[in-house]
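Student: The opening residue of the sequence shown carries number 0 in numbering that gives the first Met the number 0; numbering runs sequentially from there.
Derived by calculation from the structure, the hints in this document are not laboratory data.
Be careful, since some hints might not be right.
Said to hold, decoys possible - Derived DEER-like restraints, expressed as beta-carbon distance ranges:
1) E8 - H40: 28 to 38 Å
2) E8 - A38: 30 to 40 Å
3) D33 - G9: 19 to 29 Å
4) A38 - E18: 15 to 25 Å
5) E56 - H1: 19 to 29 Å
6) P7 - A38: 30 to 40 Å
7) G21 - P49: 12 to 22 Å
8) G39 - E8: 27 to 37 Å
9) R15 - A38: 17 to 27 Å
10) G9 - A38: 27 to 37 Å
11) M0 - R24: 28 to 38 Å
12) G39 - K19: 11 to 21 Å
13) E57 - G9: 17 to 27 Å
For glycine and all other residues, C-beta sits at the position ideal for the given N, C-alpha and C.
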Amino acid sequence: MHFEGTAPEGRLVVFRLREKIGETRASGGRWSIDVPLAAGHHGVRFLFVPDGSGATEEKTALVHVVD
Numbered sequence: 000m001h002f003e004g005t006a007p008e009g010r011l012v013v014f015r016l017r018e019k020i021g022e023t024r025a026s027g028g029r030w031s032i033d034v035p036l037a038a039g040h041h042g043v044r045f046l047f048v049p050d051g052s053g054a055t056e057e058k059t060a061l062v063h064v065v066d
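Let the sequences and hints guide you as you build the complete structure.
Tutor: Okay, here's the thing in structure tokens:
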């Protein structure tokens, strides 16, 4: 499954289900990541980790994958 979005330059974006699946860094204000997901419903979380001080921003999405 392909995910993409926007984030400040250099922001670390971490993809999680129950544990960390992968991560990427925003470049040019955009990020994207391809993650293998089995068929079914998945509650996925994206953690946006700031480079300096500040709180981690979290977004949650419900994804339905059809195989």
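Student: Taking the hints in turn, state whether each one holds.
Tutor: A quick look at each hint next to the structure:
In this structure the hint that E8 and H40 lie 28 to 38 Å apart at CB holds, the actual value being about 33 Å. Distance hint check for E8 and A38: the Cβ-Cβ separation is about 35 Å, which falls inside the suggested range of 30 to 40 Å. Our hint of 19 to 29 Å for D33 and G9 holds, since their Cβ atoms are close to 21 Å apart. Remark: the range hint 15 to 25 Å for A38 to E18 is upheld by a beta-carbon distance near 20 Å.
Between E56 and H1, the C-beta spacing of about 21 Å keeps the proposed range 19 to 29 Å intact. Checking the proposed 30 to 40 Å range against P7 and A38 shows it holds: the Cβ atoms sit about 34 Å from each other. Separated by about 19 Å at the C-beta atoms, G21 and P49 satisfy the suggested range of 12 to 22 Å. At about 35 Å, the CB distance of G39 to E8 agrees with the hint of 27 to 37 Å.
Distance hint check: the CB atoms of R15 and A38 are about 19 Å apart, consistent with the given range 17 to 27 Å. Distance hint for G9 and A38: a CB-CB separation of about 35 Å, consistent with the stated range 27 to 37 Å. Hint check: M0 to R24, Cβ distance near 19 Å, so the stated range 28 to 38 Å is violated. A C-beta distance of roughly 20 Å is found between G39 and K19, which places it inside the suggested range of 11 to 21 Å.
Between E57 and G9 the beta carbons are some 18 Å apart, a value that agrees with the proposed interval 17 to 27 Å.
Hint compliance for this structure: hint 11 is the single one not met.
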